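Protein chains: 2
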Amino acid sequence: MAGNAVKIAVDGMGGDRGPRVAIDGAVMAANQSDYELVLVGREDIIKRELSRHRVIAGRISVVHASEIVGMEEAPVQALKKKKDSSIAVGMSLLHERKVDAFVSAGNTGAVVASATIQLGLLEGIKRAGIAITYPTIHGISLLMDVGANINVASEHLLQYAIMADAYAQCVLGKKRPAIGLLNIGEEESKGTDVMKEAYKLLRDSSLNFIGNVEGRDFFTGKADCIICDGFVGNIVLKMCESILETVVYLFQREMTANPISKIGALLCKPAMINIRRTTNYEEAGGAPLLGVDGHVIISHGASSAKAISSGVKAAGQAVESNINEHIVSAVASQAKPQEYKPFISNHTRPAKEAS
Amino acid sequence: MAGNAVKIAVDGMGGDRGPRVAIDGAVMAANQSDYELVLVGREDIIKRELSRHRVIAGRISVVHASEIVGMEEAPVQALKKKKDSSIAVGMSLLHERKVDAFVSAGNTGAVVASATIQLGLLEGIKRAGIAITYPTIHGISLLMDVGANINVASEHLLQYAIMADAYAQCVLGKKRPAIGLLNIGEEESKGTDVMKEAYKLLRDSSLNFIGNVEGRDFFTGKADCIICDGFVGNIVLKMCESILETVVYLFQREMTANPISKIGALLCKPAMINIRRTTNYEEAGGAPLLGVDGHVIISHGASSAKAISSGVKAAGQAVESNINEHIVSAVASQAKPQEYKPFISNHTRPAKEAS
Numbered sequence: 000m001a002g003n004a005v006k007i008a009v010d011g012m013g014g015d016r017g018p019r020v021a022i023d024g025a026v027m028a029a030n031q032s033d034y035e036l037v038l039v040g041r042e043d044i045i046k047r048e049l050s051r052h053r054v055i056a057g058r059i060s061v062v063h064a065s066e067i068v069g070m071e072e073a074p075v076q077a078l079k080k081k082k083d084s085s086i087a088v089g090m091s092l093l094h095e096r097k098v099d100a101f102v103s104a105g106n107t108g109a110v111v112a113s114a115t116i117q118l119g120l121l122e123g124i125k126r127a128g129i130a131i132t133y134p135t136i137h138g139i140s141l142l143m144d145v146g147a148n149i150n151v152a153s154e155h156l157l158q159y160a161i162m163a164d165a166y167a168q169c170v171l172g173k174k175r176p177a178i179g180l181l182n183i184g185e186e187e188s189k190g191t192d193v194m195k196e197a198y199k200l201l202r203d204s205s206l207n208f209i210g211n212v213e214g215r216d217f218f219t220g221k222a223d224c225i226i227c228d229g230f231v232g233n234i235v236l237k238m239c240e241s242i243l244e245t246v247v248y249l250f251q252r253e254m255t256a257n258p259i260s261k262i263g264a265l266l267c268k269p270a271m272i273n274i275r276r277t278t279n280y281e282e283a284g285g286a287p288l289l290g291v292d293g294h295v296i297i298s299h300g301a302s303s304a305k306a307i308s309s310g311v312k313a314a315g316q317a318v319e320s321n322i323n324e325h326i327v328s329a330v331a332s333q334a335k336p337q338e339y340k341p342f343i344s345n346h347t348r349p350a351k352e353a354s
Numbered sequence: 000m001a002g003n004a005v006k007i008a009v010d011g012m013g014g015d016r017g018p019r020v021a022i023d024g025a026v027m028a029a030n031q032s033d034y035e036l037v038l039v040g041r042e043d044i045i046k047r048e049l050s051r052h053r054v055i056a057g058r059i060s061v062v063h064a065s066e067i068v069g070m071e072e073a074p075v076q077a078l079k080k081k082k083d084s085s086i087a088v089g090m091s092l093l094h095e096r097k098v099d100a101f102v103s104a105g106n107t108g109a110v111v112a113s114a115t116i117q118l119g120l121l122e123g124i125k126r127a128g129i130a131i132t133y134p135t136i137h138g139i140s141l142l143m144d145v146g147a148n149i150n151v152a153s154e155h156l157l158q159y160a161i162m163a164d165a166y167a168q169c170v171l172g173k174k175r176p177a178i179g180l181l182n183i184g185e186e187e188s189k190g191t192d193v194m195k196e197a198y199k200l201l202r203d204s205s206l207n208f209i210g211n212v213e214g215r216d217f218f219t220g221k222a223d224c225i226i227c228d229g230f231v232g233n234i235v236l237k238m239c240e241s242i243l244e245t246v247v248y249l250f251q252r253e254m255t256a257n258p259i260s261k262i263g264a265l266l267c268k269p270a271m272i273n274i275r276r277t278t279n280y281e282e283a284g285g286a287p288l289l290g291v292d293g294h295v296i297i298s299h300g301a302s303s304a305k306a307i308s309s310g311v312k313a314a315g316q317a318v319e320s321n322i323n324e325h326i327v328s329a330v331a332s333q334a335k336p337q338e339y340k341p342f343i344s345n346h347t348r349p350a351k352e353a354s
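Going line by line, the protein sequences match chains B and D.
With numbering that gives the first Met the number 0 applied, the first sequence has no gaps in its numbers, which climb one by one up to 354 at the end.
With numbering that gives the first Met the number 0 applied, the second sequence has no gaps in its numbers, which climb one by one up to 354 at the end.
The hints are simulated quantities; they were obtained by calculation from the structure and are not laboratory data.
Misleading hints may appear alongside valid ones.
It does not matter which identical chain is meant; a pair holds if it fits inside one copy or across any two.
[Stated by the list, open to error] The calculated DSBU-like cross-link candidates involving lysine-lysine, where the alpha carbons are at most 30 angstroms apart (straight line), are: (1) K173 to K125; (2) K79 to K195; (3) K195 to K125; (4) K199 to K237; (5) K195 to K261; (6) K195 to K237; (7) K237 to K173; (8) K195 to K81; (9) K81 to K174; (10) K221 to K174; (11) K237 to K174; (12) K82 to K195; (13) K221 to K261; (14) K221 to K173; (15) K199 to K79; (16) K221 to K237; (17) K82 to K221; (18) K195 to K80.
Predicted model, so just to flag it, every value in this text is computed and none were measured.
Use the sequences and the hints to build the structure in full.
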């Protein structure tokens, strides 16, 4: 660690809702934890926002970065053009070990690209991936990758499983997490060539691989970690986020239809609030970008202050659990030659298959 | 049509729940419509099941097929081995125009393969795809493909959009249906090479293309038709099917937690039943396999008798709307040389991209 206390940099400029939310979240985290926070971004804006708060002395400092990567900017081009963006500066602090972790709700593509370029990948890792924890009816599960890498080879999926397994053990406290591969059927023969090859790699690994899981297994908690490529994972994640809104909308629409339902709805309100809490992505906090040489937490672009604060806590847990050391040693121990099979880098899907 | 009345063959052997459900569903449909039904499968079993029912005279006949394709069998191999399966025999009846449509809740892969081989594709169509209608907060939308083709080229996605558009107009009665491409971001630059190329083809088509849609747009009804490859579509579909179960489970768990909630839950019951009806996939009926030269409806493997009956109605609607003629003419009119661009058959995804 960079000092005695865990030091966490927070992107003060990131997110759809602007600097205020990021800064409010950082203040919340500073007052609720022992972490030292470093806010990165336009000093004038950050200081103006900070002046609205009281915070334990010495807990928050500011590092100036003059530029901002927009949420809709093309990641790589933006990073090339804006060398002094809050993302680039935050990542440099992490690379130089001036902080222990970096939390950003900014442009996800830019955070992934910047982390991969500035921090580099962990030893043995071929691709970084974003893991996200989400609620199921039997506790928290983890989905990986949700958008860092839409160009997957089977070996990447194996490594995602290894990283997800390490995270589920070290941070979520799960023993022998059950690992499932998200596919269109349970049988080994289902899916694309990459999926079939990944199935074999996972089956032959030392992980607790429970086979293919399907869309219907998503909320059952059947798997502690669900592994998929970043294209599928991103679509599935965004769908999950909209599900509760939809159900609440349908519920409210039905409830106002007649007076008896209205009374019922009032009596059910505490239960609904509990369901909302169970399924609230803001409580779950940020998503760790696993595989890069440093602790990076990506908060949702639409993050609230509470979500940023949860992201800071997730960053602290990652630092304290030494997750990256576990990943490096897990990848090394899986990489015994006799256990390895050549991975397929041919992404051509079979000519015709159905499920 | 094969005669005066619309004649619909139903696979009497298909589905997870065995012949009884298929036959009960066919009887239900026969008594609730003007269609003539032909039950295909083991005559002894079908006649035994039929003997439990009363049905309008002359409405149901039986065509014997001695073999059954199991739900878990590898499709192509099973069809090769079992020439006299209920799927193959039903498809032959359709090919010979002895019936106007075929409904099966059997092995989806086998139905798709059998239809493609026995019926052939419609003129100009490169791949068949399964379309499914599903409820959103603003009415019914259509998702295509949900599992016929996991090996998509951009031209297939364009053709899925053309077929979905025709179905939404002719069968669902939508005017100028809004077509969305399921992707990981709204920008044209998002997603795999196939997705980027499909975006251009759709933009340059005469369809009402509203651009990329994301997972979060799924239940909003923003798009009348959401277009995707069969891998993503299948995972998303199965997720949708499990969502309501999950919400009902969470609701019930919370409701039994305290007596006030219990009373509230009782008062809310009619509203919950309404929500269930709105989101019930059984009401929606079967999924048309579009692009083959004949009307084929795929019912869910877990179909109830009610779902089979809805599938028969969907088959009748497809026949009566002449959907296939509309598809052929729509594909032909889109195929003007100046509007066409070469499609990419290279499925390699870009090296690194994030959203």
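Within a copy, between copies, both or neither: where do K221 and K173 come within 30 angstroms Cα-Cα? So K221 and K173 pass the 30 angstroms test inside one copy only (13 angstroms; across, 39 angstroms).
Regarding K237 and K174, is the shortest C-alpha distance of 30 angstroms or less found within a copy, between copies, in both, or in neither? both (28 angstroms within a copy, 28 angstroms between copies)
Within, between, both or neither: K82, K195 at alpha-carbon 30 angstroms: between (42 angstroms within a copy, 28 angstroms between copies)
Given a CA cutoff of 30 angstroms, do K237 and K173 count as a within-copy pair, a between-copy pair, both, or neither? both (25 angstroms within a copy, 27 angstroms between copies)
How would you label the pair K195, K237 (within, between, both, or neither) given a Cα cut-off of 30 angstroms? For K195 and K237, the Cα distance is within 30 angstroms both inside one copy (26 angstroms) and across copies (20 angstroms).
Given a CA cutoff of 30 angstroms, do K221 and K261 count as a within-copy pair, a between-copy pair, both, or neither? between (36 angstroms within a copy, 29 angstroms between copies)
K195 and K80: within-copy, between-copy, both or neither at 30 angstroms Cα: Answer is between; shortest inter-copy Cα gap is 24 angstroms, intra-copy 41 angstroms.
Status of K79 relative to K199 across identical chains (alpha carbons, at most 30 angstroms): This pair counts as between: shortest inter-copy Cα distance 27 angstroms, intra-copy 40 angstroms.
Is it within, between, both, or neither for K79 and K195, if the alpha carbons may be no more than 30 angstroms apart? Result: close only across copies, 23 angstroms inter versus 38 angstroms intra.
With identical chains treated as interchangeable, where does the CA-CA distance between K221 and K237 reach 30 angstroms or less: within a copy, between copies, both, or neither? both (21 angstroms within a copy, 15 angstroms between copies)
Within, between, both or neither, where K195 and K125 count as close if Cα-Cα is 30 angstroms or less: both (19 angstroms within a copy, 25 angstroms between copies)
From the Cα coordinates, with 30 angstroms as the cut-off, is the pair K82 and K221 best called within, between, both, or neither? This pair counts as neither: shortest intra-copy Cα distance 44 angstroms, inter-copy 38 angstroms.
Violated hints, in rising order: 5, 9 and 17; the structure is consistent with all others.
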